[in-house]
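Chemist: As they're listed, the protein sequences go chains A and B.
First residue of the first sequence? That's 1 in my numbering, and the numbers climb one at a time after it.
First residue of the second sequence? That's 1 in my numbering, and the numbers climb one at a time after it.
Keep in mind that the hints were calculated from the coordinates and are not lab data.
Don't take each hint at face value.
With a cut-off of at most 20 Å between alpha-carbon atoms, the simulated PhoX-like pairs for lysine-lysine come out as follows [said to hold, decoys possible]:
(1) Lys131/B / Lys160/A
(2) Lys6/A / Lys160/B
(3) Lys131/A / Lys6/A
(4) Lys160/B / Lys131/A
(5) Lys175/B / Lys160/B
(6) Lys54/B / Lys160/A
(7) Lys6/B / Lys131/B
(8) Lys54/B / Lys84/B
(9) Lys98/A / Lys54/A
(10) Lys98/B / Lys54/B
(11) Lys131/A / Lys160/A
(12) Lys175/A / Lys160/A
(13) Lys98/B / Lys175/A
Number of protein chains: 2
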Amino acid sequence: MQFSLKGALEVLDNTPQALDCLLSNLSHGWLQCNEGDRTWNSYEVIDHLIESEKHNWIPRLEAILHGDEHAPIPPFDRYAHLNKDTNNPIQQKLMDFKTLRAHNLSRLETIPSLESHLDAIGLHPVFGEVKLSELLSTWVVHDLTHIAQIVRVMAKRYQKDVGPWQAYLGILTNK
Amino acid sequence: MQFSLKGALEVLDNTPQALDCLLSNLSHGWLQCNEGDRTWNSYEVIDHLIESEKHNWIPRLEAILHGDEHAPIPPFDRYAHLNKDTNNPIQQKLMDFKTLRAHNLSRLETIPSLESHLDAIGLHPVFGEVKLSELLSTWVVHDLTHIAQIVRVMAKRYQKDVGPWQAYLGILTNK
């Protein structure tokens, strides 16, 4: 097991600023490109991260800590953000995400002896039993997944423009 | 063609700070993990980016702009950094990269009418004829490739720790 609460918090704490640095001062073309039908652009990825801060990690964490082991943890709709009005400029979205993340990390700090509850169990609607440490690990990997998605989508915008160098750039054929 | 000089410079300008935000304040475990034998950790990725700033983009750009169309552009050894002493702390490496990148972007600004030379041709040692716009596009995608690599390597550190959520996290099986 590589997970540690300290290590997880380090990454979770870095993500909002890293996204800010990646997406600031970019022209609209970089932000609105995607990988084709039913794929997300950077606005939509940040919307999804915002939605996750509101309705995924902390509600599930609290259900595992305080809920009935036999009651499912709250479901999370990974596509909910696509049905919401998301016309805010990217700076506003990034700021919203940063505020929510900071609030959620402060929330973690208020939990007495969180470290001693890492093996607490919840019932995931699809997977069945999951541990609190698995939820926290997933939060970290989820951040990294969506950073990877953003840079991959941006890279693919230049898929044809790189000419023969495409042969050296595996990111252009990843999903 | 999606490439524009302005758009390319936006991304190239963001990369050092984005890497700084991603990799600062992380414990050593995050920085020294890799994907197995003959794969790179984050120190090595930054070393490679430093090497590229020194010996890849600008020397090749200058060869295309000023060289003989029939003389190959300079080769670049993608593994050169692995044979150098790279024990600097990550903050030093990130600072070195940032300084080199700023210097190189300033260098681009001094080239008169760069925009009008985007179709200039050079001879790549493997690919044959390449255009200046393809080199600049590749510089951008190369940045994004290595950001994706860093977050993928970090994500894989928690591959087992996420438990059943692995099924939702494609990054864990990407290369």
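Chemist: So, for every hint listed, does it hold in this structure?
Modeler: Outcome of the hint check:
1. With a C-alpha separation of about 12 Å, the suggested pairing of Lys131/B with Lys160/A holds against the 20 Å cut-off.
2. Under the criterion of a C-alpha separation no larger than 20 Å, the hint pairing Lys6/A with Lys160/B is consistent with the structure, at around 18 Å.
3. About 17 Å separates the Cα atoms of Lys131/A and Lys6/A, which keeps this hinted pair within 20 Å; it holds.
4. Taking the CA atoms of Lys160/B and Lys131/A, the gap is near 12 Å; set against the 20 Å cutoff, the hint holds.
5. Straight-line distance between C-alpha atoms of Lys175/B and Lys160/B comes to about 17 Å, which keeps the hinted pair within the 20 Å bound.
6. Restraint check for Lys54/B and Lys160/A: not satisfied, since their Cα atoms lie roughly 26 Å apart, outside the 20 Å limit.
7. About 17 Å separates the Cα atoms of Lys6/B and Lys131/B, which keeps this hinted pair within 20 Å; it holds.
8. Between the alpha carbons of Lys54/B and Lys84/B the distance comes to roughly 14 Å, so the proposed pair stays at or under 20 Å and holds.
9. Of the supplied pair hints, the one linking Lys98/A and Lys54/A holds, its CA atoms being roughly 12 Å apart against a limit of 20 Å.
10. For a cut-off of 20 Å, the pair hint linking Lys98/B to Lys54/B stands: about 12 Å separates their Cα positions.
11. Taken as a hint, the Lys131/A and Lys160/A pair is broken in the structure, with Cα atoms around 44 Å apart against an allowance of 20 Å.
12. About 17 Å separates the Cα atoms of Lys175/A and Lys160/A, which keeps this hinted pair within 20 Å; it holds.
13. Using a Cα cut-off of 20 Å, the hinted pair Lys98/B and Lys175/A is violated, with the two alpha carbons roughly 29 Å apart.
Hint compliance for this structure: hints 6, 11 and 13 are broken, all remaining hints hold.
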